[in-house]
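Visitor: The lines below spell out each chain.
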Amino acid sequence: MAYHEIIVAGFGGQGVMSIGTTMSEAAMAQGLNVSWLPSYGPEMRGGTANCSVVIADTEIISPIVLEPSELIAMNQPSLDKFEPTVKPGGLILVNESIVERKVKRDDVRIVYVPSLEIASELGNMRVANMAMLGAYIEATKFLKFETVVDMLRNIFTSKKAHLVELNEVALQRGAACVRL
Amino acid sequence: MAKELWKGNEAIAEAAIRAGCRCYFGYPITPQSEIPEYMSLHMPKAGGIFLQSESEIAAINMVYGAAGAGARVMTSSSSPGISLKQEGISYMCGAELPGVIVNVMRGGPGLGTIQPAQGDYFQATRGGGNGDYRLIVFAPANIQEVVDLMQEAFELADRYRMPVMMLLDGMIGQMMEPIEWKKPPVSPDDLPKKSWATTGTKGEREPNIINSLFISPEACNAHNHRLEDKYRRVIANEQRYETNDTDGAKIIFVAYGTPARLARAAAGILEKEGIKAGVFRPITVWPYPYEALHQVAAQESVKAVVTVEMSTGQMVDDVRIGVNGVKPVSFVGQAGGVVPTPREVANAALKALGR
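Residue numbers (my numbering), protein chains in the order written: chain L, 1 to 180; chain Z, 1 to 355.
Derived by calculation from the structure, the hints in this document are not laboratory data. C-beta: ideal position from N, C-alpha, C; glycine also. Don't take every hint at face value.
[Claimed, not checked] Calculated lysine to aspartate or glutamate pairs in the EDC-like style (CA-CA distance at most 20 Å, straight line): (1) Z:K3 / L:D57; (2) L:K144 / Z:E4; (3) Z:K272 / L:E67.
[Unchecked claim] Partial chain Z-side listing against chain L, Cβ under 10 Å, derived: (4) I17; (5) R18; (6) G20; (7) P44; (8) T341.
When you get a sec, could you build the whole thing from the sequences and use the hints?
Guide: This is how it looks when you write it as structure tokens:
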């Protein structure tokens with residue numbers, strides 16, 4: 001039985017919510033059950049934001065994630081807040097570009113992703129979140145890269161079609177951080 | 001049909017349009033603003049009217065007017081805005097007008113907070129406006145149920161000539177889940193014609209009058225008893241509920257909306273600790289499924305009934321009515337936008353068992 005409870009957290013504007021919705025859409029396309037729950041509050045660009053995603057091959061009981069099996073921390077406050085809540089044996093993905101410290105836990109798997117450097121090398125800062133997603137897919141091995149790329153083909157059409165390849169490369173560069 | 005990922009609030013709006021609703025009047029308020037936002041884009045495309053009113057009070061009175069003219073109509077708001085609509089809701093019940101009112105609840109009282117809560121249960125089920133009236137109140141716990149019930153809400157409103165309320169907590173409004181658009185909703189064309197509506201006499205009939213004013217006490221009394229008969233028919237025919245693992249359970253959790261899902265997570269915790277727990281979830285909170293709850297609670301295996309709410313305890317009154325003293329009833333909850341944890345809920349069950 002697969003039951004993934006994920007928290008994606010960071011600053012508003014980092015694509016935190018869209019990492020969550022992309023995962024959810026991909027999981028749904030693979031026939032899995034999903035729920036996506038945003039934090040909502042008096043938040044603005046630069047403030048903190050997070051979403052809880054549950055992906056399972058069984059019925060999803062509660063959409064609320066208190067103890068994530070996987071955490072994607074896009075900034076330092078998110079790592080500070082959620083690191084202690086991750087289940088032992090879980091996974092923490094850290095946006096190494098702006099998080100200034102290492103993960104303190106020694107009972108979880110840790111992957112560092114220099115998402116801004118990857119995006120910068122690819123010439124488009126907006127794909128930083130796709131690098132994080134690529135690392136997640138590679139580290140957890142239940143979503144397929146083809147599923148996400150197919151979705152990108154549906155999102156980016158005609159004049160924007162060239163963005164499919166850019167996003168795909170960003171996914172792969174993120175995935176490569178796991179393979180190191 | 002393939003599943004689609006929908007946010008609760010947007011799904012409500014789309015379900016309404018699919019159900020033939022062609023008038024939306026409302027005013028933005030968190031956590032339901034995606035409903036008017038979606039309506040502003042899609043209602044005109046469906047050939048309907050979207051109007052952002054100057055206030056919630058104006059919106060409910062526009063609903064009254066459109067319903068009187070025979071339109072399928074709705075409004076939506078969140079707790080403080082729903083308070084403002086109470087007068088209009090009472091008038092709609094008095095004038096026997098169909099319509100759907102969505103309340104995506106946030107913390108109160110007063111302006112409270114924008115986070116999810118369930119503090120409007122009394123208002124929804126006991127009547128926040130004046131007079132002897134009732135609303136059919138649906139309390140969905142997942143997005144599929146949101147769209148299924150939203151489509152049915154319009155049908156029931158038309159059949160019984162009364163407002164139907166969708167009572168959601170902010171969590172259900174904000175979350176996304178996959179849904180399927182199942183069977184098409186019953187079209188207004190397949191329901192009894194609204195011969196009472198004020199559509200213009202065209203010189204062919206006496207004018208229809210829509211009013212909630214009865215000067216003579218005898219006439220008002222008779223009107224109230226007629227409404228009472230209608231409400232009895234609703235009670236007899238429209239109770240909905242769901243049970244999960246209640247057969248042979250030691251603990252029965254009772255919860256609606258998001259807390260029902262937390263209660264199921266709590267039941268999972270208890271199962272690992274060797275205690276069988278089930279969840280009774282009312283889907284209609286008016287009419288309340290008292291008898292069904294009583295049957296579940298009266299089982300020999302049941303030692304305690306624990307009500308879980310995102311309030312300081314409102315539905316627990318209905319639980320006590322249903323259980324009617326055959327088993328001890330206790331309560332666990334948080335209010336003001338704080339969501340109880342499954343562990344907290346499980347601990348409340350352990351306490352009820354004297355552990």
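Visitor: Each hint should be assessed against the structure and marked as holding or not.
Guide: Here's how the hints hold up against the structure:
{"no.": "1", "hint": "Z:K3 / L:D57", "verdict": "15 Å, holds"}
{"no.": "2", "hint": "L:K144 / Z:E4", "verdict": "19 Å, holds"}
{"no.": "3", "hint": "Z:K272 / L:E67", "verdict": "17 Å, holds"}
{"no.": "4", "hint": "I17", "verdict": "23 Å, violated"}
{"no.": "5", "hint": "R18", "verdict": "21 Å, violated"}
{"no.": "6", "hint": "G20", "verdict": "28 Å, violated"}
{"no.": "7", "hint": "P44", "verdict": "25 Å, violated"}
{"no.": "8", "hint": "T341", "verdict": "6 Å, holds"}
Hints 4, 5, 6, 7 from the earlier list are contradicted by this structure; the remaining hints agree with it.
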